[in-house]
Amino acid sequence: MGSRSSLMLQDEEIAIIQEETGFTPNQIERLYSRFASLDKGDNGTLSRDDFLRIPELAINPLGDRIVQAFFGDEERINFRHFMRVLSTFRPVKKNRDNKLNNRREKLRFAFKLYDLDENEKITREELLEILHMMVGANISNEQLASIADRTIMEADKDGDQCISFEEFCNILERTDVEEKMSIRFLH
Amino acid sequence: MMFNCLGELWLYVITYTPLIISVYLLIIPTFGIKTGISRCYIKLLMSIFEFCRQTIEKQERKTRLHQLRSIDLETSSDEDDKKDHEEKRNAIKDFFLRNDNEDGDYVHEFVLSDIFDFIVRGIEAVADDEVTKRFSTEELQTWNLLTRTNKNYLNVSYKLLLFWSIGWIFRFCVLFPIRMFIFVFGMLYLLITMALVGLLKECSFKKWLYDHTSVIAFRMLSRSLSATINYHDTQYKPKGGSLCVANHTSPLDVLILHNDNPYAIVGQLHGGFLGLIETALNRATSHCFFDRFEVNDRSAVVRKMRQHIMDPKKLPILIFPEGTCINNSAVMMFKKGSFEVADVVYPVAIKYDQIFGDPFWDSSKYGYFTYIIRMMTSWAIVCDVWYMKPMTREDHESAVDFANRVKKAIARRGGLVDLEWDGQLKRQRVKPELRAKVQSEYSRKLSTKKAPNPSELFLTNNAINSINTLETNISNTN
Numbered sequence: 001m002g003s004r005s006s007l008m009l010q011d012e013e014i015a016i017i018q019e020e021t022g023f024t025p026n027q028i029e030r031l032y033s034r035f036a037s038l039d040k041g042d043n044g045t046l047s048r049d050d051f052l053r054i055p056e057l058a059i060n061p062l063g064d065r066i067v068q069a070f071f072g073d074e075e076r077i078n079f080r081h082f083m084r085v086l087s088t089f090r091p092v093k094k095n096r097d098n099k100l101n102n103r104r105e106k107l108r109f110a111f112k113l114y115d116l117d118e119n120e121k122i123t124r125e126e127l128l129e130i131l132h133m134m135v136g137a138n139i140s141n142e143q144l145a146s147i148a149d150r151t152i153m154e155a156d157k158d159g160d161q162c163i164s165f166e167e168f169c170n171i172l173e174r175t176d177v178e179e180k181m182s183i184r185f186l187h
Numbered sequence: 188m189m190f191n192c193l194g195e196l197w198l199y200v201i202t203y204t205p206l207i208i209s210v211y212l213l214i215i216p217t218f219g220i221k222t223g224i225s226r227c228y229i230k231l232l233m234s235i236f237e238f239c240r241q242t243i244e245k246q247e248r249k250t251r252l253h254q255l256r257s258i259d260l261e262t263s264s265d266e267d268d269k270k271d272h273e274e275k276r277n278a279i280k281d282f283f284l285r286n287d288n289e290d291g292d293y294v295h296e297f298v299l300s301d302i303f304d305f306i307v308r309g310i311e312a313v314a315d316d317e318v319t320k321r322f323s324t325e326e327l328q329t330w331n332l333l334t335r336t337n338k339n340y341l342n343v344s345y346k347l348l349l350f351w352s353i354g355w356i357f358r359f360c361v362l363f364p365i366r367m368f369i370f371v372f373g374m375l376y377l378l379i380t381m382a383l384v385g386l387l388k389e390c391s392f393k394k395w396l397y398d399h400t401s402v403i404a405f406r407m408l409s410r411s412l413s414a415t416i417n418y419h420d421t422q423y424k425p426k427g428g429s430l431c432v433a434n435h436t437s438p439l440d441v442l443i444l445h446n447d448n449p450y451a452i453v454g455q456l457h458g459g460f461l462g463l464i465e466t467a468l469n470r471a472t473s474h475c476f477f478d479r480f481e482v483n484d485r486s487a488v489v490r491k492m493r494q495h496i497m498d499p500k501k502l503p504i505l506i507f508p509e510g511t512c513i514n515n516s517a518v519m520m521f522k523k524g525s526f527e528v529a530d531v532v533y534p535v536a537i538k539y540d541q542i543f544g545d546p547f548w549d550s551s552k553y554g555y556f557t558y559i560i561r562m563m564t565s566w567a568i569v570c571d572v573w574y575m576k577p578m579t580r581e582d583h584e585s586a587v588d589f590a591n592r593v594k595k596a597i598a599r600r601g602g603l604v605d606l607e608w609d610g611q612l613k614r615q616r617v618k619p620e621l622r623a624k625v626q627s628e629y630s631r632k633l634s635t636k637k638a639p640n641p642s643e644l645f646l647t648n649n650a651i652n653s654i655n656t657l658e659t660n661i662s663n664t665n
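Respectively, the protein sequence lines represent chains A and B.
FYI, the numbering for the first sequence is 1 to 187, going by the working numbering.
FYI, the numbering for the second sequence is 188 to 665, going by the working numbering.
Note that these hints are calculated values from the structure, not bench results.
Any given hint could turn out to be false.
Here are the simulated lysine to aspartate or glutamate pairs, EDC-like style, with alpha carbons at most 16 Å apart [as the list claims (entries may be wrong)]:
no.	chain 1	residue 1	chain 2	residue 2
1	B	K523	B	D420
2	B	K552	A	D42
3	B	K613	A	D50
4	B	K613	A	D11
5	B	K320	A	D39
6	B	K320	A	D50
7	B	K249	A	D50
8	B	K523	B	E581
Simulated restraints, written as ranges between beta carbons of each label pair [said to hold, decoys possible]:
no.	chain 1	residue 1	chain 2	residue 2	range
9	B	G459	A	S140	39 to 45 Å
10	B	P205	A	R80	43 to 49 Å
11	A	E12	B	T466	38 to 44 Å
12	A	K157	B	E584	30 to 36 Å
Simulated coverage check for chain B against chain A, where a stretch passes if three residues somewhere in it have a Cβ under 8 Å from a Cβ of chain A [to be verified]:
no.	stretch
13	308-322
14	587-596
Cβ coordinates follow ideal geometry from the N, Cα and C atoms, glycine included.
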């Protein structure tokens, strides 16, 4: 039960996570009880299945990719790992050290979602696959192909028909990433 | 001598207390007398909880001060959070609403940053979601001196520990035996009277007898949980041959509503202890219990219900259209079935005060008997019941729309969050159609008309951007 495990979070652990992620102790405790309630097996770690049991994530067309971003090669993740990924989405504060939630980290998260084979390049095929996930069967393959071609053409500077992370950052230069890639964590 | 006297007194207490309680039990529920004892008890509890809250606050201020120094003052205040929460409510509908507000409702071309919206929605759902938390105990604002609630301050101070211990002894050694006695008494009364009523032939006397005996039995049972119920707007109490729909927190809902008015119950067939009560009731009059997983059953139920509500002599049907227990913080999707049967329904909103005991039955975790024991060792069951003006289906309204309208009204009356999600998500996964719905929503916003123009291939990024903004302006003015 969530009640007992929430007591297991020691003050030292809170301090470490606070130092690492910038969350406040209250936020850490709140997210810990969230973590514990998602942890159906009560073993202190979460599996992909635990994530996909959240209906609002399960209906998200990119839900699987988002779960993948949490897990990488791991089968299960612990609370610290969970917090590290979430901290990417903390709002950016001026005059403050934003190690994990700066603009570049936020962009890195989005880039990795496109980069299916994790080779630091978004190819046309990868982009097509993500597009397909986003629109389902509503838009024809030819139309998607033309969208993918145009997008790559716009972003690709060195002519390798792929989008590198630098090119990705450049094309989104004028987008308010800090605002759009942040969420409000309750206290 | 003194000792002897005491011994004798004790003997008297032992032999006569059950007798007195039995008489008390028979008289009070039969005439529906209000003694006011439970209200005093509730008031006393309130002041104890308030004291505990203050103790905890003081303690927290002391120990947490050094940790709190780094709290971000710039981040949202509580009020903002609340507003945010409001906005998040209807997840399916609002999935892309924010996008609409910012950019206007125009069709745009795909840009790589379109993915941000999906990501942020996903991460928000990971950090907190509207559905899964409805299937576990609701978070309390103050600790209620029960260790099974989600907040547990046992080790905060000795004062609290003392209060908790006294409370525990009181709950388990005083309240529980008395309540158990009342409960057994009530159950026996229910089983016996229902069996007897069942022997009678259908006539108006039987109906009269059933109405009274069942209500009395349920009043006794509700006393075994120290139920304090406030009924509002009783002029809208459902009448014979009608359909009453209510939000569902636990099987106690039946008990609470039946305290005031007899109903024919439609619901899931249970085994075990709850099954025993169901069989007892079923013996005396026409209720309808069925297995929700048997599809054949379902159409038979609909037919039976339709016949039932045609007859004004029959009891009003009570149904919980959510089809499962929710933790009383929200109302979830109403199944359209019951709204296909009747054009007029009597909505009822039930809201419990969870500080005295959490009435939510997590049927996936423990059985009904365990649940009853938990309830009997809680402080009390305190709740409000609002009878609402009957609602009529409009001419061209579909059963689904009607169901939603009623659900909304109940949510508003009971101060509950109105959700569109299906309560069956407690047991099952999301249907893939919902994901498809989100995909089609996004696709509608995506422009696909324009095939790539070869001449464009030579344009610089800036030029393309300015063309895009130009197009945007045009489509906006259109």
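State the violated hints by number, sorted upward, taking the hints as numbered earlier in the document.
-> 1, 4, 7, 9, 10, 11, 12, 14
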